[in-house]
Amino acid sequence: MSKFIGASVIMFIPWVLLAGSDPSELILGATVAMVIAGIIYRNLDYAFKSGSLAGAIKFLVVYVPVFLWELVKANIDVAFRVLNPRMPINPGFVKIPTGIKGDYGRLALANSITLTPGTLSVDGDENHLYVHWIDVMGESQKERGELVSGPFEDILGGIFK
Amino acid sequence: MIIVSYILMLIGAFFYAIGGLGIYRMPDLFNRAQAGTKATTLGTLSLLLGVGVQQPSWIPKLLLIAVFIAVTNPVGSSTLARAGYHSGVPIYEGTQVDDLKELYKKEDGLDE
Numbered sequence: 001m002s003k004f005i006g007a008s009v010i011m012f013i014p015w016v017l018l019a020g021s022d023p024s025e026l027i028l029g030a031t032v033a034m035v036i037a038g039i040i041y042r043n044l045d046y047a048f049k050s051g052s053l054a055g056a057i058k059f060l061v062v063y064v065p066v067f068l069w070e071l072v073k074a075n076i077d078v079a080f081r082v083l084n085p086r087m088p089i090n091p092g093f094v095k096i097p098t099g100i101k102g103d104y105g106r107l108a109l110a111n112s113i114t115l116t117p118g119t120l121s122v123d124g125d126e127n128h129l130y131v132h133w134i135d136v137m138g139e140s141q142k143e144r145g146e147l148v149s150g151p152f153e154d155i156l157g158g159i160f161k
Numbered sequence: 162m163i164i165v166s167y168i169l170m171l172i173g174a175f176f177y178a179i180g181g182l183g184i185y186r187m188p189d190l191f192n193r194a195q196a197g198t199k200a201t202t203l204g205t206l207s208l209l210l211g212v213g214v215q216q217p218s219w220i221p222k223l224l225l226i227a228v229f230i231a232v233t234n235p236v237g238s239s240t241l242a243r244a245g246y247h248s249g250v251p252i253y254e255g256t257q258v259d260d261l262k263e264l265y266k267k268e269d270g271l272d273e
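Going line by line, the protein sequences match chains A and B. Mapped onto the working numbering, the consecutive letters of the first sequence carry residue numbers 1 to 161. Mapped onto the working numbering, the consecutive letters of the second sequence carry residue numbers 162 to 273.
Treat the hints with care, since some could be wrong.
What the hints assert, rightly or not - In the BS3-like style, the derived pairs of lysine-lysine whose C-alpha atoms are separated by at most 27 Å in a straight line are:
| hint | chain 1 | residue 1 | chain 2 | residue 2 |
| --- | --- | --- | --- | --- |
| 1 | A | Lys101 | A | Lys58 |
| 2 | B | Lys222 | A | Lys58 |
| 3 | A | Lys58 | A | Lys73 |
| 4 | A | Lys3 | A | Lys58 |
| 5 | B | Lys222 | A | Lys3 |
| 6 | A | Lys101 | A | Lys3 |
Claimed, not checked - According to the in silico footprint, chain A covers these stretches of chain B (three or more CB under 8 Å from chain A):
| hint | region |
| --- | --- |
| 7 | 174-185 |
| 8 | 192-206 |
| 9 | 219-229 |
Quick caveat, the hints were computed from the structure, so don't treat them as lab data. C-beta: ideal position from N, C-alpha, C; glycine also.
Go ahead and model the full structure; you've got the sequences and the hints to work with.
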């Protein structure tokens, strides 16, 4: 049941964003979302728990601003590197430790690392992410982990356990 | 307001141009992926924001576009980089560290 509700809500929200809040559109969207959710919900591994709403709100309010700030800062940094005639790059593949375990938390962390320029997640294993970094700094894994994922790790860890 | 929106769109276009230049100037696949895929994030967000300022009624749709880009773009570029590494694309000789080598040596050993 919780999967069914979760799937319906996840399909209904994009519909509202696309079609607007006209009553007939809302009824149509809700009906179609529930029919599709009814067909596919057995195959989902996502469950809509009472905690996930609080997590989602925390994600939007705490995480998104931090992320956007890092995004702008890092984009300007890469823009300067590209425009600099000497092109000061110092790339490498580094292995960084991560404490985040769940699939969705991992996805959010890897995507954040990739979206902030200068770092690109390539692969991962149990406790690490492998990141291509355009300007390698730091000596140890721990130090590098702090530099690459530091701003995200703490917040995401609090949201996704 | 119109002027603000055009400035935002111009900033977006500027970052797209930087991305293109980066793809041309960077030495190997991974650095190119860095320059090319990143430009679409700030470039697109700025462009969408500019459109949103001009047409406030489109904001829900623009928000949806931004979310889809934020979810799909990094997955795509990670997959490209990973596939590139696996298929043996030449790596820039200035590359400092390569922690991936040990991981794939293990994995490829298992594959055989």
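Each hint, compared with the structure:
1. A hinted pair counts as satisfied when its Cα atoms are at most 27 Å apart, and A:Lys101 with A:Lys58 qualifies at roughly 18 Å.
2. Distance check on the hinted pair: B:Lys222 and A:Lys58 sit about 23 Å apart at the alpha-carbon level, within 27 Å; holds.
3. Between A:Lys58 and A:Lys73 the alpha-carbon distance is near 23 Å, which keeps this suggested pair within the 27 Å criterion.
4. Between the alpha carbons of A:Lys3 and A:Lys58 the distance comes to roughly 21 Å, so the proposed pair stays at or under 27 Å and holds.
5. Under the criterion of a C-alpha separation no larger than 27 Å, the hint pairing B:Lys222 with A:Lys3 is consistent with the structure, at around 26 Å.
6. A distance of roughly 21 Å separates the Cα atoms of A:Lys101 and A:Lys3; the hinted pair therefore holds under the 27 Å criterion.
7. Under the rule that three or more residues need a Cβ within less than 8 Å of chain A, the assignment of the region 174-185 of chain B holds, with 4 such residues.
8. Evaluation of the coverage hint for the region 192-206 of chain B: fulfilled, as 10 residues show C-beta separations to chain A shorter than 8 Å, against a requirement of three.
9. Coverage of the region 219-229 of chain B by chain A holds [criterion: at least 3 residues with CB-CB distance below 8 Å; count 4].
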